[in-house]
Amino acid sequence: MNINNKSLIFWGLGALLFAGALIWAKSDDPFRRIEFSVNTSDAKTRGIIVLPKLEQKRPVILYLHGMGGSYLTDGRELRQWAELGFAVVGFDYNQTNYPQFERQFSAVLEHVRQQPWAMADHMAWIGYSQGAQYSLEYLLRHPAAHPQLMVRMSGGWIDALSEMTGGGTNSGQLEISDLRFQTLLVHGERDDIFPTDDVRKLAGLLASNGVPVDLKILPGVGHTFGIERLAVIRVIGEYCKVHLIPDHPQPEFTQLCPIPFLVCSLPAFFWLGAWYYSSRRGQKTTDGPRLTKLAIGLRAVTVVLTILALMQVALHLVLPRMEINATTLKIARNHLVPSQWKDDFESMASRPLWKGQKLETLLTHVELANYTVYELVKWKPDEQIYRDFVLSPAIDPDSDIELAWRRPLWEFYYPRIRGEQTAKGAAGVVACALRERVTIWPGGETKSPNPKNWPRGIQTIWDRQITDQEGFQLIYVATLRSVGVPARLNSFHQTEYWDEGQWRAAPRPPLNTWRDLNVPVQVPNLATGRP
Amino acid sequence: MLFEWLRGVPVPSCFPLDFRDIRDEVIGLFLAKTFQGFVVGTLLLYHLLLLRLKAGGNGQGSGVNMSWWRALDTRDWCKFFLVLCAVVHFIADWDVVPASADKELFLFGNDQSTNVLVLLVGIVLGQFVEMMALRNVQLRLSFGQFGLIVLVAFLAVASLIQNTWAHQFEYRGGIRATGLWINPNTYGLLMGIGLVLALAYLTHTVSRVRKDQSNELPNKDSNRQGSKGRLEKDRLMSLALICVGSIAAMFLITGLLHSFSRGAWLAVLVGCAFVFSDIYRATERKQAGRFELKTITALAWLRREKWILVIAGCSVMVLVLTSRLHLDHRLTRRLTSVVNANDYSWRNRLIAYWGALQIIADHPIAGIGWYHASPRFESFYAPPKLTDHWSIILNDYLTLGMVLGIPALACFTGLIWGSWNGVGNRKPCVESEHPPNASTSWRATAYRGVVIVLLIGFWFDGGLFRLALATPFWLFLELSHTERSYLRNTKQI
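Listed in order, the protein sequences are those of chains A and B.
Just so you know, we're using the numbering used here here: the first sequence kicks off at 116 and counts up by one.
Just so you know, we're using the numbering used here here: the second sequence kicks off at 7 and counts up by one.
So here's chain B without its partners, still in its complex pose (with noise of 0.2 Å):
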């Protein structure tokens, strides 16, 4: 995330000015074919690598004698055709690249130069994490009790940061908030998560507490004094941190708001309902208090309504935007603008679509290769009346099947597939010490709600190629799969 910060801010004046040439020196680096052919070939060795040990691990743990490639899973090997498609690519477009890239491109975050290194570093951060995460369970956990707790409130002190220095993106006059980022997009996108997570943290906590106070025993001997007091003490601290929690989830909401990002808004939206809905779906009616047991007798009802609330909710949605209320305000105006007929912005994006299906439609085996997506585009397919050519690269999906072919996009559609359905781990749990609780279980579901909000947001604004959402991105599908698969395996246990 710091290093989108890190190309945009600038070094002030008290540096000296070989100091501030470093920064130059560092993006003229990332940006030389060199050096990124070195990346890109370290990577491929990580990747084996990682490979290599996890099919280890799970060949020893299934105690049959295989192949260690025979120990991979699916989700493995969709991994190593995505990577294997991203490095043939690079090496097959070798000599049509220039020795470096444009630099403005990259200040400005258009640059497309970098989009190999990031999708590569990402898969590999993800085998890492899941690896890491699969053999030490300590440090999973510890992620989940404080490395939250710290995305969440770094995401909400960024979102009070005027950003200054990149380029200000407007909507009708007013500045879209970029926070410590480059892209309104990418700010928005990054609020939402840091919201998933806050929201998914809140509604656990706040369930704890009404469930701690429901199972309160009466005041009877002395040894229950001592542990009403320390009770007391854990409810205090959860009401401090719900305090804390709701007011970093005040400044993301503000934060999220001011980047008039609607693709983040939709996301997150999604995302919450998502966390909402699947926490108190996995709390177990024995287990909830009065508070959880009212809310999940409702949610129950919601799920048996569904078809008529979607119908409601649709009715309710077509006379809100159809109505004559044109309100002035810049929120409702950004809001009600996707039904807006003369918004150049969504309008652009579907020409875009259109053009990257038809890019698709003729190399749909092999893609065009990494550097070829814009210029073609804009040289062959973009009908004359798009101006702003920008829009072809917004869409990752697209985009992954425009650069790599069908079969890498099928791949990766594979992978978050198998991520999500926590598809994989034959080797079973066997951490007796740290079984499966609620706690487990609201950590999976903000992970899977953070999956969501970037899934989304990688159809509207893009963000698999940014590693300000890379990411995240990666670490989270990672973290969602195997507390998904810690939870399953576990339970058949």
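So here's chain A without its partners, still in its complex pose (with noise of 0.2 Å):
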């Protein structure tokens, strides 16, 4: 093959920015994944670990997905929790042969207690369906191997159960006194795999063998736990960690400091720079030919094209940059405001709260607002409840030092919300989707911060996934608003949309704090069988 200095500049230019765009994206990903696989004596094992980037001991969740789960399709429930400072494991198992399963949990057990990010001691077993069954079986019969937490997610009845209860011969294996951990069941109040009434018997039977239980039935929800899964996934994960390191019970969220892909492509700048000055470095300088006429002409027309959008690129990027004043809202009344938008900005714009903000705040705002309530969304507001409970920022004195809110919250939430008909429908899906991302922090907790201490803004709010009642209250009010619901907070600090011409109580996430699955199960009073 005959490399010639072209094909050089090529391959070389090729492969320092592919290289260089690797590094950027690395750069950018909160987790590390490392893929595992054990051996028993009968099959091999596949698994994978998801955790926090920054490298130190973790907490363990252990992840048994349900039937016909795959450890490749765990992904967002594990990301869930490892966004919270776990490290998680999910892997694939024998579903149909609780012996070789056995065999399979033994080995991803001593596997993972052997790794040097995992904290052994603090481990906790959650379990899907299938899995919470094999779980809780196999801690029947291996009660040392216990973890100091167990979730059971959708899990119902087992027949080694039944063999302990009288309901069958017990081979002496089994002895549900051995466990003293926590126990927390989650369950949907219309799951049609296992019914309800199977994991209430379970859980007394639990709580009266001496074992902490929290048993938690969702209202309205089926077997997999529909739209609200991540969120019920979400609150668990927050659960494990007051249980599992009361020391540190708040979810650790990763900071990442990505590299700007500029940086990372310098050395294919650099290396572009090098050819171009070595092949000027050979050649002689010359006069070129003379220049026609034409060719000045050209280049005056370039030279003022050039001008022309150098001064309109400024207008773009530089003029937004810049504080709110007079002179900045009149430049920019005349050169970036279309002429839809102009009464929204003009109404916007005379509102006392602008002050120190910037003029990239405003425009957004009215641009976005406009374009999700009158090209997006299904729904059409008054005018006037428009723009107050939809255009405008100002939902609360005091989160209202931060407005530069609406974009990221339309950027992750418009998508979701995209085929609902109806403004209520959207506030549905909102209050599940938020409560997946943010954290609620109930009030009152000894070991958290001054309630007082939260922040305020709904950047922050949404920057740092964690806040307390009434701040979710103020971010709930602007996700609303960002997707061309009207919402305002009513005088019990309680989130309100408008919809059919009247205001109505926001719907609620399925749970709101961990202290939602705090629900101690009663030892049943032998004599009246009630707690």
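Because the hints were derived from the structure by calculation, they are not lab data.
Warning: the hint list may mix true and false statements.
Unchecked claim - Interface residues of chain B toward chain A, partial, derived using beta-carbon atoms under 7 Å:
no.: 1; residue: 312
no.: 2; residue: 314
no.: 3; residue: 321
no.: 4; residue: 348
no.: 5; residue: 351
no.: 6; residue: 360
As the list claims (entries may be wrong) - Think about it this way: if two alpha-carbon atoms lie no more than 25 Å apart in a straight line, the pair counts; the simulated PhoX-like pairs of lysine-lysine are:
no.: 7; chain 1: B; residue 1: 300; chain 2: A; residue 2: 141
no.: 8; chain 1: B; residue 1: 312; chain 2: A; residue 2: 121
no.: 9; chain 1: A; residue 1: 493; chain 2: A; residue 2: 539
no.: 10; chain 1: B; residue 1: 312; chain 2: A; residue 2: 408
no.: 11; chain 1: B; residue 1: 300; chain 2: A; residue 2: 408
no.: 12; chain 1: A; residue 1: 168; chain 2: B; residue 2: 391
no.: 13; chain 1: A; residue 1: 493; chain 2: B; residue 2: 391
no.: 14; chain 1: A; residue 1: 539; chain 2: B; residue 2: 391
To be verified - Computed far set for chain A versus chain B, every beta-carbon distance over 10 Å:
no.: 15; residue: 210
no.: 16; residue: 391
no.: 17; residue: 421
no.: 18; residue: 531
Heads up, the beta-carbon is just placed ideally off N, CA and C, and yes, glycines get one too.
Using the supplied hints, reconstruct the complex from the two chains, each of which is provided in its own coordinate frame.
Here you go:
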């Protein structure tokens, strides 16, 4: 192959750009993913470990998916927990053969306990459906291998328990009284695979044997938890954190410092520059041909066009980054605001809340609110309602210091409500989806910061992903407004939204805080059969 | 191309029920793991056989007695490595793949289970075309004369067909045209292919007609009278072809615009610019007529002033895109949506590129295998704000890197680079009865124009793993390489 100069440039440039892009993408990745396989006597078990990038020892969650699942499809759950600061392990197991599962699970447990990043004595097992069934059976057979916390999602009664409670012959291997760790049972009220009676019966059995059990039946949801699944997963993660690391109960979110793409691609530019320099160095400088009139004209036109383009770029990129004042508003009014937004722009600019804010913030509110309500969503509020409760970023005097929240919230939540036909439907989706991303820390927790210290700025809440009840209501209103649903706080500081001509209480997330899962099962009174 | 159509088109009710079930059976067969395994094995054998045959031909041509595998050129090794990676991954994933892929996804065009088949079919088809083109010059010339005309005519007719049976893609309340196919981006790129071929043909024919006119001899004797009559007939024929070609081009442009595929628009723009400039660059000054001379001079001037023109063009683009002219026409909205910060289409693509790079960084050497790109991205790499995960399959280069690893991606790039530069064919062409001329040159340009269109399309909308686009890609890649080598090697003689 004849490698000439051009191909060397091409390959070198391509390789450097590609390598730069890989480094850039990796620097912005919050997780480490470690795929592993462990061998048992009869099978190979494959799995994956997802953990936050920061190297330190972490509490471990061992997740067992349900029937038909695979570790390749567990990622959303695993990442949801890893985001809270856990090292999370998912693996494939034989879903139809318990003895083989037992060997696989033992091998995975052994593998995880040897890992340098694992806090082996701070471990939770979370089983969903079939995973919950098998993990409980494993525990009953191997009580010594118990975790510090066991969570069963949509799990039911298992035959091995019937053997113990007199429904069958007890082989003598099962001892519930050996189990002395916290257990959480989360179940959907409309679960048609494992009825709620089964889970209540199980909770009663465990409680009566001295096992500390919390039982939460989620109203209106089925076996898979539907659209509320990821919100429930998040709250379960928060519950695990509180119980596994009581000294540091709050989630620990990884803060990344991504390298800008321009920096990553610098070697490619150097390569190009070096080639240009070396190719020019060998050439003698000679006077070029005399320019024709056409060439001179072309250059003149190009200079004029370039100046105009640079001015236009400055207008669009520099001006919005300047603070709002009479001059910037005037320039924006004349050059940046299209006629269809003009009224909205004027009505917003006249409000007193823009002091110290950047022009970009005002423009983004006007543009996105207008675009969302008039071009995207199906419901159309009255003009006054639109201006006061969709367009306006003013929600609460405490939160109005940070106003640049509309774009990040719109980018995240609009695709989720895109198919909704009504404001009510959209509000329901937003309630769940917001709780997936934002932790509500309960008030009155002695080890949490003073509630008064929780930030009230919506951007800060969104970036930190944690707040208290009041903060959540603020960001809830902001999110509803960002997707075109008119919303406000009522006199009780609760979120309301405008639908069909009246204010209605906004839907609540399926679970507010981890405390909603803290529902201890009382030991049944043997005489009355009641707690 | 028709394959994609067949999976979407409804069978008319006049056909018996059993007949209608045949298509479902065929689709089921294609998606069955065992069938795919059989086809992959067969294609591997064909690939090796064709390599052996080509190497045998090369060895004989060079006149040196050496092992057959030593006669393989860089492109052949790139193909071999690509095929090897594809087959090894297919075998490695055998246990984790379900017995049959999802039929609904297949009908929708998002199915990934047939990717390995399409890639292997494409490579083997390319090898076959290369071998036939090298061995049978007459066949190559016939394809250049008639095959291209038939292809352009077919695409022009296809652009008139309104697809009502497949999933309807919408843009701002209007339906995006898909023609006989099930995806507007596929349709747009196919229209682009037709347009580039039509443009190349028209440019060449117009240039030839004008040259004939300028070379016309004065009417002095009876012999020349007969010759003039023949010339007149040829000219009329050429004019008729120009008219038909122009009409076909109009249809193709209409289809291209109605596809609302921005990737196809960009690809066609670049492809047409390449064809226009390359055809005239290849025309030698001494052969050129007055019209060509003017064009060649203009192009030479444009080349000299290229940097000034680039700056001016960029400035105009910035001025147009940042102007306050918020036109409501769908075409202009679509065109300016590339600078619209609220456009989820390109934003999702960027997020997908970012995710794909992360996957490649985590699995740089071996990749993640044929069946895991989409689920892995959705499960482990897609940021939570992304709701539409299909954007991960839209960039074929990154898909190749994710699925087969960086070495395979490098091989694919090397193959393109080698084909573009005419690297390879050690055996010089000796067909003295068909010396290269302007006709050979325009065909080479047209083929390369098509390859450019598809390579750009593969970046934005994918196509390397769709039979409708992969087939023309491998076909024209090999033809462009063959024509290029033929031009170069014959010149050397």
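Each hint tested on the structure:
1. 312: Interface hint status for residue 312(B): violated (11 Å vs cutoff 7 Å).
2. 314: With a closest approach of 5 Å, the residue 314(B) hint holds.
3. 321: Given a least distance of 4 Å, the restraint on residue 321(B) holds.
4. 348: Result: holds, 6 Å to nearest chain A Cβ.
5. 351: Residue 351(B) check fails; min Cβ-Cβ to chain A is 12 Å, beyond 7 Å.
6. 360: With a minimum Cβ separation of about 5 Å from chain A (threshold 7 Å), the hint on residue 360(B) holds.
7. 300(B) x 141(A): violated, 53 Å
8. 312(B) x 121(A): OK: residue 312(B) and residue 121(A) at ~18 Å, within 25 Å.
9. 493(A) x 539(A): holds, 12 Å
10. 312(B) x 408(A): Answer holds: residue 312(B) to residue 408(A) is near 17 Å, not above 25 Å.
11. 300(B) x 408(A): holds, 18 Å
12. 168(A) x 391(B): Since the Cα atoms of residue 168(A) and residue 391(B) sit roughly 20 Å apart, the hinted pair holds (cutoff 25 Å).
13. 493(A) x 391(B): Measuring from Cα to Cα gives roughly 22 Å; hence the hint holds.
14. 539(A) x 391(B): Answer holds: residue 539(A) to residue 391(B) is near 22 Å, not above 25 Å.
15. 210: Residue 210(A) clear of chain B: closest Cβ-Cβ about 15 Å, beyond 10 Å.
16. 391: holds, 13 Å
17. 421: violated, 5 Å
18. 531: It is violated; residue 531(A) is separated from chain B by about 6 Å at its closest Cβ, not greater than 10 Å.
The structure fails hints 1, 5, 7, 17, 18 (numbered hints given earlier, in ascending order).
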